[in-house]
Amino acid sequence: MADREYIRNFSIIAHIDHGKSTLADRMLELTGAVEVGRHEEQLLDNMELERERGITIKSHAVKMDYTATDGDTYEFNLIDTPGHVDFTYEVSRSLAACEGALLLVDATQGIEAQTISNLYLAMENDLEIIPVVNKIDMPTARPEDIAVELADFIGCEITDVIMVSAKTGEGIPDVLEAIVGRIPPPSGNSDSPTKALIFDSFYDSYRGVVVYIRVVDGEIAVRDHIRFFASGKEFEVDEVGYLRLNLEKTDKLSAGEVGYIMASIKNVGDARVGDTITTLDNIADRPLPGYKTVKPMVYSGFYPAATEDFENLRSAIEKLRLNDASLIFEPETSAALGFGFRCGFLGLLHLEITQERLFREYGLDIVATVPNVEYRVVKNDGETVLVENPANMPDAVDVDYIEEPFVEAEIITPHLYVSPIMDLVKDRRGEYIATEYVDPDRVLLRFSIPLSEVIFDFFDKMKTVSRGYASFDYHITGYRKADLVRLDVRVNGDIVDALSVIIHRDRTYDWGQKLVSKLKELIPRQMYEVIIQAAIGSRVISRARRAPLRKNVTAKCYGGDITRKRKLLERQKEGKRRMKMVGNVEIPQDAFFAILKIER
Amino acid sequence: MWDISSTDSVFRESEKLSDSPKYGCYVHVPFCAGEKCPYCGFYSIRYSPESATEYIETVLQHARSTEVPVIDTLYFGGGTPTSLSPEAISRLITKLKSILPVEDNSEITVEANPETVDNETTEALFEAGVNRVSLGAQSFRPAQLKTLGRRHDIDKIYEAYEILHKYPFSLSFDLIFGIPRQSVRDWEISLDKAIELGPDHISIYCLSFESGTPFADALRMGAIYPVGDDVEREMYDLASSRLTVADYGRYEISNFAKPKCESRHNLKYWTGAGYIAFGPAAHGYIPGPPNWTRYAFPSNLEEYTLLINSGREPLAAVEKLDLQKRSAEFLMLRLRLDHGFSEEEITAHLPELEPAEYIAALQPLIDDNKILLEAGQVRIAPRDMFISDAIIFRAVELTDPYIKEIVTKRKSAGSETSMLEYSTRFRFPGGS
Ligand SMILES: Nc1nc2c(ncn2[C@@H]2O[C@H](COP(=O)(O)OP(=O)(O)O)[C@@H](O)[C@H]2O)c(=O)[nH]1
Ligand code: SF4
Numbered sequence: 001m002a003d004r005e006y007i008r009n010f011s012i013i014a015h016i017d018h019g020k021s022t023l024a025d026r027m028l029e030l031t032g033a034v035e036v037g038r039h040e041e042q043l044l045d046n047m048e049l050e051r052e053r054g055i056t057i058k059s060h061a062v063k064m065d066y067t068a069t070d071g072d073t074y075e076f077n078l079i080d081t082p083g084h085v086d087f088t089y090e091v092s093r094s095l096a097a098c099e100g101a102l103l104l105v106d107a108t109q110g111i112e113a114q115t116i117s118n119l120y121l122a123m124e125n126d127l128e129i130i131p132v133v134n135k136i137d138m139p140t141a142r143p144e145d146i147a148v149e150l151a152d153f154i155g156c157e158i159t160d161v162i163m164v165s166a167k168t169g170e171g172i173p174d175v176l177e178a179i180v181g182r183i184p185p186p187s188g189n190s191d192s193p194t195k196a197l198i199f200d201s202f203y204d205s206y207r208g209v210v211v212y213i214r215v216v217d218g219e220i221a222v223r224d225h226i227r228f229f230a231s232g233k234e235f236e237v238d239e240v241g242y243l244r245l246n247l248e249k250t251d252k253l254s255a256g257e258v259g260y261i262m263a264s265i266k267n268v269g270d271a272r273v274g275d276t277i278t279t280l281d282n283i284a285d286r287p288l289p290g291y292k293t294v295k296p297m298v299y300s301g302f303y304p305a306a307t308e309d310f311e312n313l314r315s316a317i318e319k320l321r322l323n324d325a326s327l328i329f330e331p332e333t334s335a336a337l338g339f340g341f342r343c344g345f346l347g348l349l350h351l352e353i354t355q356e357r358l359f360r361e362y363g364l365d366i367v368a369t370v371p372n373v374e375y376r377v378v379k380n381d382g383e384t385v386l387v388e389n390p391a392n393m394p395d396a397v398d399v400d401y402i403e404e405p406f407v408e409a410e411i412i413t414p415h416l417y418v419s420p421i422m423d424l425v426k427d428r429r430g431e432y433i434a435t436e437y438v439d440p441d442r443v444l445l446r447f448s449i450p451l452s453e454v455i456f457d458f459f460d461k462m463k464t465v466s467r468g469y470a471s472f473d474y475h476i477t478g479y480r481k482a483d484l485v486r487l488d489v490r491v492n493g494d495i496v497d498a499l500s501v502i503i504h505r506d507r508t509y510d511w512g513q514k515l516v517s518k519l520k521e522l523i524p525r526q527m528y529e530v531i532i533q534a535a536i537g538s539r540v541i542s543r544a545r546r547a548p549l550r551k552n553v554t555a556k557c558y559g560g561d562i563t564r565k566r567k568l569l570e571r572q573k574e575g576k577r578r579m580k581m582v583g584n585v586e587i588p589q590d591a592f593f594a595i596l597k598i599e600r
Numbered sequence: 001m002w003d004i005s006s007t008d009s010v011f012r013e014s015e016k017l018s019d020s021p022k023y024g025c026y027v028h029v030p031f032c033a034g035e036k037c038p039y040c041g042f043y044s045i046r047y048s049p050e051s052a053t054e055y056i057e058t059v060l061q062h063a064r065s066t067e068v069p070v071i072d073t074l075y076f077g078g079g080t081p082t083s084l085s086p087e088a089i090s091r092l093i094t095k096l097k098s099i100l101p102v103e104d105n106s107e108i109t110v111e112a113n114p115e116t117v118d119n120e121t122t123e124a125l126f127e128a129g130v131n132r133v134s135l136g137a138q139s140f141r142p143a144q145l146k147t148l149g150r151r152h153d154i155d156k157i158y159e160a161y162e163i164l165h166k167y168p169f170s171l172s173f174d175l176i177f178g179i180p181r182q183s184v185r186d187w188e189i190s191l192d193k194a195i196e197l198g199p200d201h202i203s204i205y206c207l208s209f210e211s212g213t214p215f216a217d218a219l220r221m222g223a224i225y226p227v228g229d230d231v232e233r234e235m236y237d238l239a240s241s242r243l244t245v246a247d248y249g250r251y252e253i254s255n256f257a258k259p260k261c262e263s264r265h266n267l268k269y270w271t272g273a274g275y276i277a278f279g280p281a282a283h284g285y286i287p288g289p290p291n292w293t294r295y296a297f298p299s300n301l302e303e304y305t306l307l308i309n310s311g312r313e314p315l316a317a318v319e320k321l322d323l324q325k326r327s328a329e330f331l332m333l334r335l336r337l338d339h340g341f342s343e344e345e346i347t348a349h350l351p352e353l354e355p356a357e358y359i360a361a362l363q364p365l366i367d368d369n370k371i372l373l374e375a376g377q378v379r380i381a382p383r384d385m386f387i388s389d390a391i392i393f394r395a396v397e398l399t400d401p402y403i404k405e406i407v408t409k410r411k412s413a414g415s416e417t418s419m420l421e422y423s424t425r426f427r428f429p430g431g432s
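Residue numbers (the numbering used here), protein chains in the order written: chain X, 1 to 600; chain F, 1 to 432.
If you're looking for bench data, these hints aren't it; they were derived computationally from the structure. Glycine is no exception: its CB is placed at the ideal position from the N, C-alpha and C atoms. Errors might be hidden in some of the hints.
[What the hints assert, rightly or not] Below 25 Å or equal to it, Euclidean Cα-Cα: the simulated DMTMM-like pairs (lysine to aspartate or glutamate) are: (1) 573(X) / 357(F); (2) 556(X) / 352(F); (3) 411(F) / 338(F); (4) 573(X) / 368(F); (5) 258(F) / 338(F); (6) 426(X) / 361(X).
[What the hints assert, rightly or not] Which chain X residues face chain F? A few, computed with CB under 10 Å, are given here: (7) 551; (8) 563; (9) 565; (10) 576.
Could you build the full structure based on these sequences and the hints that come with them?
Structure, rendered in structure tokens:
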């Protein structure tokens, strides 16, 4: 255990691709945590999915021992943060475990919106910010300009900005020295009642839940009895240790230290990010501030592509949940899709990752319904109901008004793209709030905009209209009234419940048309004529007709053809499981996927 | 002596069924006179006198060593049986007739292509007792004959007709529609010319692009295009009405005949009667109870010959049909027929079932007028014959739960024994 004076807990705030992983690798090398030249890119990103997508989904942490120029050896704990807006809360908890942060900015790019919002989170947590400009080796680098920009932004001297190239290693020693010199040591006290902040946890099938903590006050040792404030659950600690590249056992963690504990915990839901752990023999009377139960933002019905996989899906989701406390699910039924689950996610990325993990890790093909936010419906009798599934929308006649979640969005963009972005925001029912200058070339635009409008392809659209130059972030502000209706799709009169959406009245016509023509394209000709309609209640707003099948025949079926033909029938029956029946109409599963891809 | 596919006992038992129909016999003649037609998916190789001789002796050997039931239809298909020399085809037919228990008034059909029909061959067929000839006319338009890569022209069709006409054969024409670049008018002309000649029977086949054929490749590469579902439908409907007016009644999706001129042999396929087989790529069927068995010989003349010569059964596949498969086949085959099926026919082929319940399962299709139920007869609505695959598929789906229920019941009652055995594929050493 190091003396608190020699501990430095920090994280790196950076936009994607600005060089966070490269910088971390250099620091690990310089501190001897890994050998130089061991080129396993992105040492901190563990999940295969994270590597592929280049986004950190989970928090990670690593301890390094750094011998400074003053001759003393310091314990560095680098706490990595998730890199996506879906996980803002997790980011804020990781930052709360630190005393400082490196603000890493690409010398060819400048600061981006996501970086700014994380920077604000860091400032809210009173972190010491060390501005670092990276990639100064690049010919297109503008290190001085960027340094001015950073100094302006965080209100420091230009001389405080450190110039580095994570690639060549230039300037990295300065960063290490700055961490020692500028970031304060942790301020806690080992004798005070024990408080440890959970900044991540994961489930290991052999060892149970491994909880990543930052001890703020007191100590946690092996055999201690601990209590989690949020769940009230108590456990006995089996193991504590430091987070090296592997877990490194020790006997206790004291105030200021970062590490892990294991206590035969079976459910990550018992060790939630942001919760506080205390010890029973040195018990704290209240938790650390800032804990929130994270609420899902986006909901979607998950149905197994093969109906008989329902139970498999249940157990797979339950297993994923062991590791992902923010994943919410409950069984639901759809006339079109059968038995499935309504799942709640932090955002669309979280949804996609979950769907992909179900496929990769459990071999389950999922039909997901059009994602939606949670609506607040106030009925005429004064009752308020929360609607997570459009199919559960109360009857229009009973509804007084509907509210939907709104966010405040920040977009940083070069001047050039302000007007197309304004148009996009307006098109998405956004309201302009304010403009701020980030630097001479770029502005920060603030908007209030419905969450439902940003969770879909807003980000992609914004990238397109700004040729990739704009960056974007948002946070939830609350619920607001909106003129929303439920739009249903009917085939031959029967509602396809899985395709119902809640949508702004002005959008119904456009969406209805796109939906209907897409379905017409995707529903194969059938024995009967198929009429596809988009309707609000009984009012049809769009309609298409699929003419009945004209030919479906085997011309020759003689002695030698019979077996082959029968096997074809049998195979067709297998394939039919990829079809969903609504009334007498077969809808291919592809149709449900395709609907998700329709442009808004 | 061999029994067929180790189902010797099945044969004997079937024969005991007093009113069971007689067997048919299919002989596959795997030779064609020249280049293979680019749309053809049948097993055939180029004719040569040596291989033809060897083939004939092999088939006769096969027939001699097989115990067979009484036969009342004999069908020589191909390939092109008439690509054989008059002597060869005469030997094949007469010898087979003497080896097999062929009834006196049997229907004996030979498939012929126009360019292989000459006086000698025809005389030989007649002398050998052939009473039905199916002529592969295919089209009466030069452009379509060319597209199909046929080796004959229209004059050849007329010549062949003139020769055949001199004999008291029951005559059938094959016509193909839906040929790339064929117009409805082209089809109408072909149809009219065929009707004008007045054969007893006309088969009309919508061209299909069989995988593995040059046509299928050309289609995939975009070199040729199908005429499209709507045009094909128009062509089919046109043919149905033209033929009906000309007194050819439709008795199966692709088959039309003057009264009493239906192909007795081909009807056996659709009505689930038994048929035995000889020759490479030929398939046979031995209906039960208790075992309904389909079998096939290898689609390779050398392999077939080798097996026969080495005294082994030349089986490439044997499949015993459980109730579910039998039911699927029953619907798939019976509903191709204009008159469909009756309750008695359900009982004869699916004795485990309650006919009324089986028919009741089809109610949704009956409600939608896709299937008609009149006087106990179940059939596809005539106007929907060209979408019969979709209707049959639905019928199989609809009857599935009932079939499964019966299977479960019988299993728990212990009466379902080896019926669920899945297709066995026999591999023989020495096969190529
Ligand atoms: N030229 C140059 N390239 C760099 C530097 N730092 C990182 N990169 C490159 O920038 C890209 C993104 O870096 P990475 O560390 O993966 O970014 P992250 O997404 O922030 O973790 C990679 O191709 C790196 O090799 C640098 O200092 N100079
Ligand atoms: S003649 Fe008949 S069997 Fe021979 S290749 Fe042509 S279509 Fe096929």
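Hint check:
1. 573(X) / 357(F): Holds, at about 22 Å.
2. 556(X) / 352(F): violated, 29 Å
3. 411(F) / 338(F): Not satisfied, since the Cα-Cα distance of roughly 35 Å exceeds 25 Å.
4. 573(X) / 368(F): The hint holds at about 21 Å.
5. 258(F) / 338(F): holds, 14 Å
6. 426(X) / 361(X): Between residue 426(X) and residue 361(X) the Cα gap is close to 41 Å, so the pair fails against 25 Å, i.e. violated.
7. 551: Hint on residue 551(X): holds, closest Cβ of chain F at ~4 Å, below 10 Å.
8. 563: This hint holds: residue 563(X) lies near chain F, its Cβ roughly 6 Å from the closest one there, short of 10 Å.
9. 565: Holds. Min distance 6 Å.
10. 576: Because about 7 Å separates residue 576(X) from the closest Cβ in chain F, which is inside the 10 Å limit, the hint holds.
Violated hints, listed in ascending order, are 2, 3, 6; each of the other numbered hints is respected by the structure.
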